[in-house]
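K.L.:
What follows is the residue order along each chain.
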Amino acid sequence: MTYLTRDPIVVSALIAEVAAPQCGGTCVFLGTVRDAPQDGGVTGIEYSAYEAMAVAELDRLLAEARKRWPETRLAVRHRLGLVPTEEASIGIAAAAPHRTAAFEACRYVIEEAKKRLPIWKKELRADGTALWVDPAGRPAVVGPEGTP
Amino acid sequence: MTYLTRDPIVVSALIAEVAAPQCGGTCVFLGTVRDAPQDGGVTGIEYSAYEAMAVAELDRLLAEARKRWPETRLAVRHRLGLVPTEEASIGIAAAAPHRTAAFEACRYVIEEAKKRLPIWKKELRADGTALWVDPAGRPAVVGPEGTP
Amino acid sequence: MATGTVQVRFFARYAELAGCETTAVSVAVPATVADVVRQVREAIPGAALLPERPLAAVNMRHVRLDAPVNDGDEVAFLPPVAGG
Amino acid sequence: MATGTVQVRFFARYAELAGCETTAVSVAVPATVADVVRQVREAIPGAALLPERPLAAVNMRHVRLDAPVNDGDEVAFLPPVAGG
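Chains as they are written, first to last, in the working numbering: chain E, 867 to 1014; chain Y, 867 to 1014; chain C, 505 to 588; chain R, 505 to 588.
By construction, these hints were calculated from the structure, which means they are not laboratory data.
All C-beta atoms, glycine included, are put in the ideal place defined by N, C-alpha and C.
Be careful, since some hints might not be right.
As the list claims (entries may be wrong) - Here are some chain Y residues pointing at chain E (derived, C-beta under 7 Å):
{"id": "1", "residue": "Thr892"}
{"id": "2", "residue": "Cys893"}
{"id": "3", "residue": "Gly897"}
{"id": "4", "residue": "Gly907"}
{"id": "5", "residue": "Arg973"}
Just need the whole structure built from these sequences, with the hints factored in.
P.N.:
So, in structure tokens, the structure goes:
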């Protein structure tokens, strides 16, 4: 499974990956790089990862989601390298027989991805400066279950 | 706003409609026609609508969603006519500065659409028969707030 | 009592039962949706097969059966909805 | 007491602070992640700028600082994650 890519995320490809005749509901989430005019403008974010661990962690969290929502089909793509403003850094598709499972599984994957994927952002400001994003309020130590 | 279409729903067009530099999260829902092997196979669903009221009702429910999640941008497409198995009958995109609003607004729109849109399905079975879908347990009388 | 003319619309399975998609009925106004239902079930043979308490809309808004109906209103009888 | 060799990896801002992406340290085993942190902060000048209790992974799994570390393990120090 190719979770990590340096190319733009193609939503239709993600959807095609999870499509199945028994699935009546598909939920897709896209996380996009947003501008921050209050910070003088953001032109893009440079994403870097502990790639092997990010893949292992995605394997684990997708396995958890599939156990919790057994009939759900999931696909995830995280982009690395420079992602310009308004383009997607992460795309998740979840298809299930019924929509509740599709929404819940999709939400689970993005929430866990945010907490657990060893991926970092360097924000590129319009003035040419670059800044590591340190998510506010995130504890410095996270245990296997996300507990400090 | 063109909510109703007889053509396939193009997800990328829906996403483009809601994209904005201040939005960091986009949630998309697709409702697709699913096969039902236990019913001898479904080849498609013929959708018909009280079109003017479906448009008015979508105007109303999107206005409600925009009031409840003020910074959320929404787009909806409902397909009419014959929709073959595995193709989408409804597509919803919700983009917001933060993902919680995107997920919640998208979910609100599909739940309300299911309850309120004057749209009907005739299921086309593999054996050539056709059957109006009468959603089980749905009360025959629904008031303006969805109460019987 | 004044008499009003109401445009009635049937959809999906109800149009098949009624054998038509639209009709006009005269009702004593002020009337309610329930009055229109009764009138229609009596006037159109196939409409007697409609439920006594169908889902209804007046001027493109979902309403209860006790909602008022006035001259010129459009009253629609809607089978249980199944969009999406 | 036996001595083990542990591969250490730094990422993102921590790699900038440490001035390198990887290093190897010798620790008395059995050790904990906290032991490796102490060792690294002493051995590498820039690593003294790392937090005393960084987010860490052993063999590509998130662990607490009291997790065991053995000879040949890969220990990674991770700045607060910000994926998605």
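K.L.:
Next step is simple, just say for each hint if it's right about the structure.
P.N.:
Status of the hints after comparison with the structure:
For the restraint placing Y/Thr892 at the interface with chain E, the shortest Cβ-Cβ distance is roughly 4 Å, inside the 7 Å limit, so the hint holds. A hinted interface residue such as Y/Cys893 counts as satisfied when its beta carbon comes closer than 7 Å to some beta carbon of chain E; here the least separation is about 6 Å, so the hint holds. Satisfaction of the interface hint for Y/Gly897 is found here, the shortest Cβ-Cβ separation to chain E being roughly 6 Å, below the 7 Å cut-off. Because the closest C-beta pair between Y/Gly907 and chain E is about 10 Å apart, greater than 7 Å, the hint is violated.
Because the beta carbon of Y/Arg973 sits about 6 Å from the nearest beta carbon in chain E, less than 7 Å, this interface hint is met.
Going down the numbered hints, you'll see the structure goes against just number 4.
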